[in-house]
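These protein sequence lines are chains G and P, in that order.
Under our numbering, the first residue of the first sequence carries the number 1, and numbering increases by one thereafter.
Under our numbering, the first residue of the second sequence carries the number 1001, and numbering increases by one thereafter.
A portion of the hints provided could be inaccurate.
[Unchecked claim] Chain P side only, calculated, beta carbon under 8 Å to chain G, not exhaustive: (1) Arg1157; (2) Asp1159; (3) Ser1215.
Derived by calculation from the structure, the hints in this document are not laboratory data.
Beta carbons: idealized from backbone N, C-alpha and C, even for Gly.
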Amino acid sequence: MTAQPATAAMDADVLIIGSGAGGATTATVLAEAGFDALVVEEGDWVEQGAVVPFSLEQMDRQYRAGGVTVAFGLPSIAYSEGCCAGGGTEVNSGLYWRPPGDVLQRWREQFRIDDFDPDELLAIADEVEREISVGPVGGDYTEPSEVLRRGANALGWRNGEIPRWMKYPATGPIGGDTANGERQSMTRTYLPRAMTAGARLAVGCRVDRLVTTNGRATCADTTLADGTHGTITFRHVFVCGGAIQSPALLQRSGIRGQIGRTLAVHPTVKLAARFADALNVPDDVPVHQVKEFAPHLSFGGSASNPGLVALSLLDSWPNFRQAITQWQHISVYYAAITSEGRGRVRSFPHMRDPVVTYGLTRRDRELLRSGLSRLTLLMLEAGALEVYPSFKGAPSVRNRRDIAAMQQAFSATKASVMTVHLCSTVPMGELEGRCGANSFGLVHGCKNIHVNDASLLPTAPGVNPQASVMAFAIRNARRFVANGGRRA
Amino acid sequence: MPEAHPQPLIEQWGVPHTTVVTGAAGWLGRALTHRLLADPQRAHVRLLAHSTAEADDLRRFVDERTESGRDRVDIIIGDVAKADTAARLLHQVGTDSDVLHTAGVIHPKRVRQFYDVNTNGTRHLTGAAADAGVRRFVHVSSNSPFGTNPDNSDTFRHDEPFNPYLGYGTSKMQGEIAVNEAVAAGLDATIVRPPWFYGPFQPARQTTFFRLVRSGKFPVIGKGDQRRSMVYVDNLVDGILGAELTPAARGRGYWIADARAYTVAEIIETVGRALTDEGLSVKPPTTHLPPLASRVAELGDRILQGLGIYQQQLHVLGEMGHTIAVDISRSTAEIGYVPKVELYEGMRRSVRWCIDQGLEL
């Protein structure tokens, strides 16, 4: 079961824009409730396994702009967005984190989310976990994952395996990597389920804007893969393009309000660590994370194919270039922080892509420094021979004294800060002057335009947000169904 | 009364024949010496004083506390920064001896003194201690080799990467590195790391702290929500003795602080209450400074220290904008350190001590 190419004139009861964690789950709920649902996706359908995970080919085929997009600021923050059927769920590490209970409570109270029971949301999370096969690795951990565990244990730091969306074979040798497991994602789970229930998926279709009158959208102007234009008419629309594309589309459609003003991310800095033994696993990431300093600091492993190892050495290339010849002995790790900063997504006329900006606070910069140095210490404790932090002019680190020099040389403006967790550009709730959508994702001031993706999460949750996105999307879609498709 | 949790049994040595204390005339040195003299099993105590005047003063201090002072206590005069002092101090102490190294410079006139005393002094002493074959060397370090916490909610764990805060922090970091190198070469040494400590035997300059709180002029930066670990000086003495007497503590480092960190606002409120309860009038805090003031002070401190100049007020104000919070759970588990006196009680005792000494608060 795959998608159909989009055509110039389409029509649906409910249009769903985007097929990622938000769009695919929304389509499933609506189609199974009998709605005529049409999902449009800008990217292509790429079968799992057709491209090597974390490879350049994957960057090209499944990411927006080849995986390189930037939020401007001091420092600028590189981010990546999936752009394919299934969206970000196709390209991420597949590590699964439920939204923390205290975060849900805080969202409910501070953003005044009506009729919201965190327990109900966690019950939905149970369903999701069954559907996408969330579970621990069935066999041995990879060595890059063992490094995190060993280093953290040596320091007495809390760490653990993060379950992931992966199916493992019932028989035969089981390893902790994608070579043996079968990665689950929207193209393997919710999208086929939605289509079985009657939903249509049209790929290669970008929505340029929604045509609205008096807060009611009637049709969408589209651009197809061959560059021609088209139109889709509908009664209701769910915008599920992710935290950058959703607010950008609303802005292009002339919708004002709290749209795109409060981008939240988990800024991340990286290092490469070299070990005596060859440990590099090019096509998978570690399943361990270190949560001793959570929520404000988390450590984990990054994709580490030779290209990405080179990328992580690039900031201090004159100092670090020698290391690349030993890439098999190197793995890349990250330190992520919760940020008190805020970003903006702005669309300008005649520009295809929005301009994204993000400002880190002084405290954020301090946390990035501290995170990088604590992660460096962990690497030394795990037996790293040399650590290469990713910032311009960074010295390499071989012992504890070197960490002091590294910390003094660090400044966030010199660092390669990146993020893959983008949220909160259309926060949900009834708090006036802050929320872009109501407690169920209906855009404030609009009659039939819903947002149902990471944009709704009121703040960055401090953990991988995809579980939260799926659970909220299902909750909101069910509410829409319960209201018979009338205004929530 | 809550039931006391039984501590896991920690194997400890008995006290040694000879206990050597550097910086004995200092604040911590006096509190430590006071405790050592109260223990009749400490047969021989050797104290290092910096000058003849200090030695005379220490002799009076000793005589007030023990009748057998002339037999039990000898006082050596010398400067730890000078290479020959350590050898004289440890001359013929024998192997049944421990060295408690509290000497250090916190507020010098010139930045260079940090390195002369805190780094080179420590190196001289560890060398002499290794030569003498002492049983245990306890090095008193600080939070400063580790800088400040990156976020007000953050707490330093048992083991943290070095991030020295300016000249003092760098000199103390190099002191720790000297100790670690000596351990690698065979010395039996342990490090203790107190943050801000307070309590009896404080030098006169510390009364400024109480005076500022009394007059409502202690500078509160922003909302005063920075957290600070503190330690009552007697608790610190407990920690030093735990580190001295625990064989398994070799080569390790321990935070010695109160059970939890306090916010600056809580510290000021508690000190105000302690002063009031000791019969002194206290005005509510009025000196609220924006975080920028602390940052400007820190920048000024940085620039001056770059020129080799140390200015105490700038330094203290610069550091007030930061959180310095530490986790002592490993110290409890491994050397049996349990803080006995908490902030309010400790501050009351400090105030009473100042009043008893006739100090103007």
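Each hint, compared with the structure:
1. Arg1157: Arginine 1157/P check passes; min Cβ-Cβ to chain G is 7 Å, inside 8 Å.
2. Asp1159: 5 Å, holds
3. Ser1215: 31 Å, violated
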